[in-house]
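A.B. asks: Residue numbers (our numbering), protein chains in the order written: chain A, 1 to 116; chain B, 117 to 229.
Quick caveat, the hints were computed from the structure, so don't treat them as lab data.
Here a beta-carbon is modelled for each residue, glycine too, at the ideal position from N, C-alpha and C.
Where hints are given, some of them may not hold.
[Unchecked claim] Ranges of calculated distance between the beta carbons of each label pair, as one might list FRET restraints:
(1) B:155 - A:83: 36 to 46 Å
(2) A:15 - B:210: 20 to 30 Å
(3) A:15 - B:183: 31 to 41 Å
(4) B:193 - A:15: 42 to 52 Å
(5) B:142 - A:60: 38 to 48 Å
(6) A:116 - B:166: 43 to 53 Å
(7) A:28 - B:174: 18 to 28 Å
(8) B:193 - A:112: 25 to 35 Å
(9) A:80 - B:173: 45 to 55 Å
(10) B:183 - A:28: 41 to 51 Å
(11) A:73 - B:130: 44 to 54 Å
(12) B:196 - A:27: 26 to 36 Å
(13) B:196 - A:112: 25 to 35 Å
(14) A:70 - B:198: 12 to 22 Å
[Claimed, not checked] In silico DSSO-like cross-links for lysine-lysine, where the CA-CA straight-line distance does not exceed 30 Å:
(15) A:14 - A:57
(16) B:172 - B:142
(17) B:142 - A:57
(18) B:186 - B:172
(19) B:186 - A:57
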Amino acid sequence: DGGITQSPKYLFRKEGQNVTLSCEQNLNHDAMYWYRQDPGQGLRLIYYSQIVNDFQKGDIAEGYSVSREKKESFPLTVTSAQKNPTAFYLCASSISRTSGYNNEQFFGPGTRLTVL
Amino acid sequence: SQQGEEDPQALSIQEGENATMNCSYKTSINNLQWYRQNSGRGLVHLILIRSNEREKHSGRLRVTLDTSKKSSSLLITASRAADTASYFCATESRGSTLGRLYFGRGTQLTVWP
């Protein structure tokens with residue numbers, strides 16, 4: 001089945017620890033995105049990548065880092081510098097706009113991170 | 117902020133009734149999209165309407181776009197309990213990075229059986 005997966009589903013972290021959230025897609029999409037969602041809120045963009053080995057900061061990148069070494073993978077690291085990391089994290093992907101396709105985003109199931 | 121804003125924040129209706137949600141945005145757009153999110157899950161794309169389109173249909177969904185008022189509406193006809201979810205509008209702003217979307221805070225729809 002084609003799709004986008006995230007792991008783990010639930011993650012608990014002690015203060016001061018870095019954690020890495022996994023995001024994998026087999027849709028052959030060029031673009032990938034990381035969002036943060038807080039209760040009752042919309043999605044805020046953390047980082048995005050339009051092509052392998054390139055990524056850009058979104059609106060709330062402080063305290064987060066990413067890498068894009070492979071087309072299929074876009075892991076997000078939540079560092080100890082992120083002061084309020086407890087949230088629901090969503091990864092998404094889309095076909096490169098240059099292909100001329102509609103630019104809908106496909107979302108993974110999310111990772112709920114809780115800082116203890 | 118370039119985010120869209122949905123209205124109302126919450127909507128509660130009976131099965132069989134129609135549900136209408138509105139979205140307003142601030143900048144010129146390439147397209148506007150509607151997504152659905154069941155509680156604790158990822159978002160699912162419902163429909164995309166381009167800036168040169170005024171209305172689009174998909175099954176029980178009808179989306180309108182008024183670029184002069186910078187607003188859109190999503191109508192779900194003959195609602196079902198399974199339609200209970202949060203609905204988000206997202207805009208791709210003209211002049212912004214292609215593909216980047218700006219999401220609103222969503223409308224929580226509850227459909228009672």
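A.B. asks: Compare the structure with the hints numbered earlier in the document and write down the numbers of the violated ones, lowest to highest.
C.D. replies: Checked against the structure, the hints that fail are numbers 1, 2, 3, 5, 10 and 14, while the rest are satisfied.
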